[in-house]
Amino acid sequence: MFPMKRAYTNGILLDGTKQMQPEAHKILLTEDDKIIAIVDEGVDLDGYEVIDLHGGYLCPGLINLHVHLAGNGKPSAKPRDNAALVRKILSNGLTRAVAYRMVCSYAKLELLGGVTTIRTVGGIADFDTRCRDDSAAGKVLAPRILAANEGISVPGGHMAGSVAVAAHNNGEALTQLTRASTQRVDLVKLMITGGVLDAAEKGTPGELKMPPEMVKAVCDQAHAMGYPVAAHTESPEGVKVALENGVDSIEHGAKMDEETVKLYKEHGAFLCTTISPALPYALFDTAVSGASEKDQYNGRIVFDGIVESAKTALANGIPVGLGNDVGCPYITQYDFWRELCYFHKYCGVSNQFALYTATLRNARLAGVGNVTGSLEVGKSEDLIVTRQNPLEDLRALQHLELVVRCGRTVKNPSPKRRKEVGAPWFPDPDLCPEQRPGSLHLVQTHVGVGYRMLRVEPDEL
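Okay, so the sequence shown: first residue is 996 according to this note's numbering, each after it adds one.
Worth flagging that the hints you see were computed from the coordinates, not collected in a lab. C-beta: ideal position from N, C-alpha, C; glycine also. A couple of the hints might just be wrong.
[Stated by the list, open to error] Think about it this way: if two alpha-carbon atoms lie no more than 27 Å apart in a straight line, the pair counts; the simulated DSSO-like pairs of lysine-lysine are:
hint	residue 1	residue 2
1	Lys1069	Lys1414
2	Lys1406	Lys1021
3	Lys1013	Lys1029
4	Lys1235	Lys1260
5	Lys1013	Lys1289
6	Lys1197	Lys1289
7	Lys1197	Lys1134
8	Lys1235	Lys1197
9	Lys1340	Lys1029
10	Lys1260	Lys1197
11	Lys1211	Lys1257
12	Lys1406	Lys1134
13	Lys1260	Lys1013
14	Lys1134	Lys1000
15	Lys1406	Lys1000
16	Lys1250	Lys1306
17	Lys1069	Lys1083
18	Lys1257	Lys1013
19	Lys1235	Lys1069
20	Lys1069	Lys1260
21	Lys1340	Lys1013
22	Lys1250	Lys1134
23	Lys1340	Lys1406
24	Lys1000	Lys1029
25	Lys1411	Lys1134
26	Lys1257	Lys1306
27	Lys1306	Lys1013
28	Lys1289	Lys1069
29	Lys1306	Lys1235
30	Lys1306	Lys1289
31	Lys1289	Lys1260
[To be verified] Taking CB as the label site, the calculated pair distances span:
hint	residue 1	residue 2	range
32	Ala1079	Thr1177	25 to 31 Å
33	Asp1039	Lys1340	43 to 49 Å
34	Glu1167	Glu1303	30 to 36 Å
35	Gly1362	Gly1088	32 to 38 Å
36	Asp1215	Lys1029	35 to 41 Å
37	Glu1196	Lys1029	53 to 59 Å
38	Lys1406	Val1372	21 to 27 Å
39	Lys1083	Glu1196	27 to 33 Å
40	Ala1079	Val1372	47 to 53 Å
Could you put together the complete structure from these sequences and hints?
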């Protein structure tokens, strides 16, 4: 069998490094799903399949560090009993098979959205590692997957019984860790605090749920087994407990003080910021989101905490990665580009830094920086092509002409979009891909901590 050799020509390269700048008149050469050279135009391309990019922008594939593959982002008019739903799914072989195919289809949507590597942080049974292995074997079309499978929570804790197992004591938590090891997970996920919807009253989101001694027991054993530990934490107290007891990454985050900054640095931990999931609760009109006054109030606390946490981390040299907590209401598997826009808008980073974070920085934080994340010799053929320059406008990332994952190509990817989570509901018109006459969108007119909804007529555009 002859090696597969490709030459990407007539494109403008953005290599994914921190100081990336558009490079024209370059050709990217690959062989057997690896980048083998970046050369000047005019070289002999005999033996290569030539792919003419027609002036498009060639970038590394995006990397999403916080994914729940079991969710699709569809909002619900009323709270769902996710634990009961998962029990039903796992109750027989037929429903398990259907659910696994659904998970694989959601993974495919990530790829169609330009994400070539994902890190899952809570899923159903062993579906995530199965999808990872089937993707690596070419049986399903999906990104590279770093999988945690089910997280570890406590009774009454975050996602207990759905995408996390409820451990009553340290022994049960360690038993779940052993079980995860037999499934060959890539990392371990802890649910240390509650979230927006877990709070019993206003002003108490992110309540500490997992005892510090359980956090330490799992972290110590996970590290001995070679696994990094990620932790859902949405309160200052929870972040400190997580860092003091060995967690490697804080997922979401909360406002920091000097002691917390010091803990991050002492333990070498990083922050995975997730601006997308709290935004609907914090900023949407409740007539749209269906959130109660309590949930909206707490959503604003969590949203502000996540943004302030990221800003403080950036100002103090603490590594920050990006994930969008896909599966939460209004957060789809194909819209990771929005997280980069929010990072730019709310945290004040440049478009260049946002794209670097979602590529090479995320790859390094996930432990695969030697494999993917940038256009460099020796790295995987994980690529996306946009028509416009994302360094000028990150919204260019929503319109892709090509996605390549380990040499496997998808031309003109077009994920099926859900009307319930489309552009009209997002609170910033600048982040809406479509502004049509008569469409509904949310404008920045504060009503409490929310927004009011207006109908846009043709003469207002």
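Hint check results:
no.	hint	in the structure
1	Lys1069 - Lys1414	9 Å, holds
2	Lys1406 - Lys1021	21 Å, holds
3	Lys1013 - Lys1029	22 Å, holds
4	Lys1235 - Lys1260	12 Å, holds
5	Lys1013 - Lys1289	40 Å, violated
6	Lys1197 - Lys1289	5 Å, holds
7	Lys1197 - Lys1134	47 Å, violated
8	Lys1235 - Lys1197	22 Å, holds
9	Lys1340 - Lys1029	34 Å, violated
10	Lys1260 - Lys1197	32 Å, violated
11	Lys1211 - Lys1257	19 Å, holds
12	Lys1406 - Lys1134	19 Å, holds
13	Lys1260 - Lys1013	21 Å, holds
14	Lys1134 - Lys1000	22 Å, holds
15	Lys1406 - Lys1000	17 Å, holds
16	Lys1250 - Lys1306	9 Å, holds
17	Lys1069 - Lys1083	19 Å, holds
18	Lys1257 - Lys1013	25 Å, holds
19	Lys1235 - Lys1069	33 Å, violated
20	Lys1069 - Lys1260	38 Å, violated
21	Lys1340 - Lys1013	18 Å, holds
22	Lys1250 - Lys1134	43 Å, violated
23	Lys1340 - Lys1406	30 Å, violated
24	Lys1000 - Lys1029	9 Å, holds
25	Lys1411 - Lys1134	21 Å, holds
26	Lys1257 - Lys1306	15 Å, holds
27	Lys1306 - Lys1013	18 Å, holds
28	Lys1289 - Lys1069	21 Å, holds
29	Lys1306 - Lys1235	17 Å, holds
30	Lys1306 - Lys1289	26 Å, holds
31	Lys1289 - Lys1260	34 Å, violated
32	Ala1079 - Thr1177: 25 to 31 Å	26 Å, holds
33	Asp1039 - Lys1340: 43 to 49 Å	46 Å, holds
34	Glu1167 - Glu1303: 30 to 36 Å	35 Å, holds
35	Gly1362 - Gly1088: 32 to 38 Å	35 Å, holds
36	Asp1215 - Lys1029: 35 to 41 Å	37 Å, holds
37	Glu1196 - Lys1029: 53 to 59 Å	54 Å, holds
38	Lys1406 - Val1372: 21 to 27 Å	25 Å, holds
39	Lys1083 - Glu1196: 27 to 33 Å	31 Å, holds
40	Ala1079 - Val1372: 47 to 53 Å	51 Å, holds
Of the numbered hints given earlier, the model fails hints 5, 7, 9, 10, 19, 20, 22, 23, 31; all others are met.
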